[in-house]
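Novice: One-letter residues, chain by chain:
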Amino acid sequence: MNFAIDFEAFLSSLPFMGKGMLGIFLVTSVIVLFVNALNNLPEKKEK
Amino acid sequence: MLDLLSNFATLEFKQVAMWIIGALLIYLAIKKEMEPSLLLPMGFGAILINLPNSGAQHIIDVMFRVGIDNEFGEIMPLVLFIGIGAMIDFTPLLTNPKLMLFGAAAQFGIFFTLCLARLVGFDLNDAASIGIIGAADGPTAIAVSMELDSKYIGAIMVAAYSYMALVPLVQPPIIKLCTTKKERLIRMDNTQGKQPSKMTKILFPIVVTIIVGLVAPDAVALIGFLMFGNLIRECGVLNSLSETAQKVLANLITIFLGITIAARMRADEFLTPDTLLIIGLGLFAFIFDTFAGVMLAKLMNLVSKKKINPMIGAAGISAFPMSARVVHKMGLEEDNQNFLLMHSIGVNVSGQIASVIAGGLILSFFR
Numbered sequence: 001m002n003f004a005i006d007f008e009a010f011l012s013s014l015p016f017m018g019k020g021m022l023g024i025f026l027v028t029s030v031i032v033l034f035v036n037a038l039n040n041l042p043e044k045k046e047k
Numbered sequence: 001m002l003d004l005l006s007n008f009a010t011l012e013f014k015q016v017a018m019w020i021i022g023a024l025l026i027y028l029a030i031k032k033e034m035e036p037s038l039l040l041p042m043g044f045g046a047i048l049i050n051l052p053n054s055g056a057q058h059i060i061d062v063m064f065r066v067g068i069d070n071e072f073g074e075i076m077p078l079v080l081f082i083g084i085g086a087m088i089d090f091t092p093l094l095t096n097p098k099l100m101l102f103g104a105a106a107q108f109g110i111f112f113t114l115c116l117a118r119l120v121g122f123d124l125n126d127a128a129s130i131g132i133i134g135a136a137d138g139p140t141a142i143a144v145s146m147e148l149d150s151k152y153i154g155a156i157m158v159a160a161y162s163y164m165a166l167v168p169l170v171q172p173p174i175i176k177l178c179t180t181k182k183e184r185l186i187r188m189d190n191t192q193g194k195q196p197s198k199m200t201k202i203l204f205p206i207v208v209t210i211i212v213g214l215v216a217p218d219a220v221a222l223i224g225f226l227m228f229g230n231l232i233r234e235c236g237v238l239n240s241l242s243e244t245a246q247k248v249l250a251n252l253i254t255i256f257l258g259i260t261i262a263a264r265m266r267a268d269e270f271l272t273p274d275t276l277l278i279i280g281l282g283l284f285a286f287i288f289d290t291f292a293g294v295m296l297a298k299l300m301n302l303v304s305k306k307k308i309n310p311m312i313g314a315a316g317i318s319a320f321p322m323s324a325r326v327v328h329k330m331g332l333e334e335d336n337q338n339f340l341l342m343h344s345i346g347v348n349v350s351g352q353i354a355s356v357i358a359g360g361l362i363l364s365f366f367r
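Residue numbers (this note's numbering), protein chains in the order written: chain A, 1 to 47; chain B, 1 to 367.
Looking at chain A on its own, in the form it has when it is part of the complex:
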């Protein structure tokens, strides 16, 4: 690796940051909704 400040490379990698964070929040939000739904399911009464 040759140390060199490369603003173009920095800027071109920003979309990965956007996509990555969006992806994580998307997946996480679906999981949160799912867990909320599970927690609200009526519990089976023990006999």
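Keep in mind that the hints are not guaranteed to be accurate.
To be verified - Simulated pairs of lysine-lysine, DSSO-like, Cα-Cα distance not exceeding 27 Å: (1) B/Lys247 x B/Lys32; (2) A/Lys19 x B/Lys298; (3) B/Lys182 x B/Lys298; (4) B/Lys98 x B/Lys298; (5) B/Lys194 x B/Lys329; (6) B/Lys194 x B/Lys305; (7) B/Lys98 x A/Lys19; (8) B/Lys151 x A/Lys19; (9) B/Lys305 x B/Lys181.
These aren't lab readings, by the way, just hints derived from the structure by calculation.
Since the structure of chain A is already known, use the hints to place chain B on it.
Specialist: Here is chain B on its own, set in the frame of chain A:
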């Protein structure tokens, strides 16, 4: 006699420097109890591999190829996930699922560090592998950097495990810098909410695997093994398997991984300016993870009636349970009746899931 001493003549200064680094890792493991299960084998491995004409080099190389760098994939880190999954109790997270959002936010450091690594000249795959130090999760870092064929895996591992061990030193100043005293004093409701049913605990690992698999198929090996381990734990009929996965399996692989990582700690590969740069970037990853977690909590406080202590956002990094403990301790330092552990543990385990998802996303972008 001269024959016996001939090996001395081949000793290089760089190798001695690696012994010192190895000794430092061993010291941190034993004296400071910082991730001893990994730092100790890594430290010893660093000495072993850097002896002149070391007969261990070949065998450690073979172990590395068998367990980590082989045509079938990164078997060992993935199998370790079964053990980790079996160790994690997701109950605090299932009780308060919105805590997962902090885990998601605290992965920001991964992606921002990727951009910083590009800024200083690393190529895309190496930059992504360096960014994954911010996952604060050793097996994820190993799996991702190996899959992306990074030549810096030794430095990445040393940085990842060292910073995980140094969480109690790295996080508090950042948390204090991002929060006001008033915010740090916020008390959170500690009454136990509705406990998740057994059905919820069993369905959780299965459904998380399906959701992640659908969105990020490259993450499914990582998350799938983690969740499989958790399913073994929660199903209630495989207690002996769960115990084996948590103890014997995890311990065996940890020993194996620790010593084989040393294969990438040869003096000529490790002692380069790049290593210093990677260690510096790793620190940025942890700083920005912490910053993003805290900031999300502050943001949520703007719209939420029930105030959240923003410090718990910092526990969203995966370093478990150190990060949760750090937040809890900081809460007590501000107010000795402010118990944040329940919330910070929930955020911390969510960070474990989120870091694996982030690793999978990185793979899907760059593989």
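Novice: Each hint: holds or not?
Specialist: Structure-based check of all given hints:
| no. | hint | verdict |
| --- | --- | --- |
| 1 | B/Lys247 x B/Lys32 | holds, 23 Å |
| 2 | A/Lys19 x B/Lys298 | holds, 23 Å |
| 3 | B/Lys182 x B/Lys298 | holds, 12 Å |
| 4 | B/Lys98 x B/Lys298 | holds, 15 Å |
| 5 | B/Lys194 x B/Lys329 | holds, 26 Å |
| 6 | B/Lys194 x B/Lys305 | holds, 20 Å |
| 7 | B/Lys98 x A/Lys19 | holds, 21 Å |
| 8 | B/Lys151 x A/Lys19 | holds, 25 Å |
| 9 | B/Lys305 x B/Lys181 | holds, 19 Å |
Hint violations for this structure: none, all hints satisfied.
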